[in-house]
Amino acid sequence: MKLRIATLACLLFASHASASGFDVARFGSDQAHAAAPTPYATYYNPAALSLTRKGELALDVITAIRSASYDRTDTTVAEPRDGRGANLGKSSLTDVLVGPALAASFRIGDLGIGLAAVAPFAGSAHWDGNNSFRGNEKYPGAQDGRARWHVISGTSQTIYLSAGAGYNFRKIGLSLGASANLIYSTLDLTRATTLQLDDALANEGRIHIKGSGWMGSFAVGAMWEILRNKLWLGVSYQAPPGMYDGMTLKGKVRTNFGTVSSVDADLHQTLPDFIRFALRFREPSYELRLSGDYARWSVFDNQCVSQRGAACTINKDGSASESVRETLISSSARNWKDALSLRLGGSYYFKGGWELLGSLGWDGNPVPDSMLEPTYPLGTDVNYQVGGRYRFGKRWALSIAYTGMYFLPRDTTGKSTLDTLMPPGNMPSADGKYTQYISLFNTFAQVYFD
Amino acid sequence: MSPRSVRACALSLAALWLTGCPDPGGEFDAFTRRAGTRTTDAGMLSCESAEGELPEPEQLSGQFLLSVSTILGRETPFVYLLDVEVAREDGSYQITMSATPLLASDRKTPAGEASEPQSFTVEPNGCFESPPQTFMVAGPANPILPVPATSELSFLGSVASAVRDDEGRVTFWCGQVNGRAISPLPMPIDGSTFAATRIVDPDALPPVVIDCDMTPARPL
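For the protein sequence lines, the chains are A and B, in the order given. Residue 1 is where the first sequence starts when you use this note's numbering, and the numbers rise one by one after that. Residue 1001 is where the second sequence starts when you use this note's numbering, and the numbers rise one by one after that.
Hints are supplied without guarantee of correctness; some may be wrong.
[To be verified] Derived DEER-like restraints, expressed as beta-carbon distance ranges:
(1) Ser1105/B <-> Arg308/A: 27 to 35 Å
(2) Asp245/A <-> Asp1213/B: 50 to 58 Å
(3) Pro1216/B <-> Arg308/A: 22 to 30 Å
(4) Thr1134/B <-> Lys316/A: 29 to 37 Å
(5) Ser92/A <-> Pro1202/B: 54 to 62 Å
(6) Leu176/A <-> Thr1134/B: 32 to 40 Å
(7) Arg1218/B <-> Asp82/A: 14 to 22 Å
(8) Asp1213/B <-> Asp82/A: 18 to 26 Å
(9) Thr313/A <-> Thr1134/B: 19 to 27 Å
(10) Ala78/A <-> Thr1134/B: 33 to 41 Å
(11) Asp82/A <-> Pro1216/B: 39 to 47 Å
(12) Thr420/A <-> Asp1213/B: 33 to 41 Å
(13) Ala1114/B <-> Thr313/A: 41 to 49 Å
(14) Asp1190/B <-> Ala445/A: 56 to 64 Å
[To be verified] A few chain B residues facing chain A, derived, Cβ under 10 Å:
(15) Asp1023
(16) Phe1031
(17) Pro1184
(18) Asp1213
(19) Met1214
(20) Leu1220
Hints are computed from structural coordinates only; laboratory data are not their basis. Beta carbons are placed, not taken as given, at the ideal position from N, Cα and C, and that holds for glycine.
With the hints as constraints, model all of the structure from the sequences given.
Below, the structure is given as structure tokens:
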């Protein structure tokens, strides 16, 4: 296990804290949700922009420390005698990642306007290698570790540049809002593979996929002040990146199957839309919050790479039409399912500008046992947050919060179906035991311009 | 972390939109340095050293079991029925070939149409290099992955070095295949090999070998 100190030097949006899947929208900590009038409402619920202060700038620097392990318990092709331990056994991962989220809001009367630059989808992984095969000339790929058949090193980020507005209809206590997102998404990943799409050591090669693309989406929301100055209900809808046609990232794929090649390629994937909700109850000395989201991860069925301009539709059983197979470069079956996340928390306000905040949360599992693999070693997690906030006069506030996310251990031995999918959608088996824990630090600064 | 990724991080830092420090491209390059490439000259013929006389046209014409063993999977060749016609006119020795792919699962059942007949000229010393020709095989004829494959191949060899029987009839000839895979994954496949074994009895095809050393293909 190697602590990737080098990553500390790099600000990164790829915090691993998830609501579900690789949705990492945790900027603003517990103080940002679908019923919170902060600048991050531009993303969470633009209706809440109508209730923000006259002017506010928010910067949340999120530091995530993730540790995970994967103990591979089965292979698709049996290890040869001189390759024992190359494909079976434990891998681990420790990453330290930092990422900022910046937002600003302005309110004129009952109209609130917000701008935000955030990265709600992100992931990063670099699994450790296998020292027992370092320098092995017969199996030169094995030193990249036992998780390599799914990922050796990879990052993906989807950054939103958003502008939104919300309007408060005071007489009825209802706010409505909408926002538009300009989205930049990238993916960069290297993994081991063979032309037969199995994990035979003798045929081991590499594929490096790198692509990026711009797209758009929107969000709409409503917020109802149920009890004046006491109780608010917020509900929002965040459309999927690229709207409903999925995303196409353009880039290059390099392969090494004994001969190195490079080809222009398109990566096709569809990320989910979200319904977010939150209930906020406020008294002078405390606040209670219940928030959550429903993510339609079932649309994330495949990450398909084709030659540039070609279609890339893979059926759930891995099969594909003749024309798709002629131009298919890589297919990673996902077949995820929708997931729910819930969080219950609150704040207590002390005299002198101090606030104590905390919450308990639960994130549902979007990844079926049959599809789980080390690129996204996810599952159900339970999490908690503790933190504090201090107001420096009228203009400044600083929050520091810690979130611990414990992912329930998973054992998918005998359950992975990645290698039983029909070609060309099959991959090596990802049977194994998975653990993961994430420590997340929010350093959240707010500047007010009232 | 490679210098390239350090630069990338620094640039990203300046822009505040930063990518991570995991270096997937560097990992790919590192593997390429470790593994090298699989080009080989095993079983290659050298036209410079080719010996023997050119067979008479009727001694080479006929049907052969052709294997094309690519560097992507040496032991699992593409297998074809190869029809060969040879003509000698005005001192020119010309071969015309047409290949019908066979099922990868049994290496004997035709799986698709024969390729367009292609003609090329053999040098006086027996050497030949066919112009690049497009070959398409259906998924069931692809021994590496059962998806349709298209490639552009050029055959190099010498018929002067062909193995003949007592009557002078060519029973085996072989050589190198250069070219590129076009789909599903474009890549060069220079350094591949071919081997053609005469079919005496269409109901009992000869064993499939993959190069001039008559290395057997991996059994089915």
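*So which of those numbered hints doesn't the model satisfy?*
Violated hints (numbers, rising): 3, 6, 11, 13, 18, 19, 20; every other hint is consistent with the structure.
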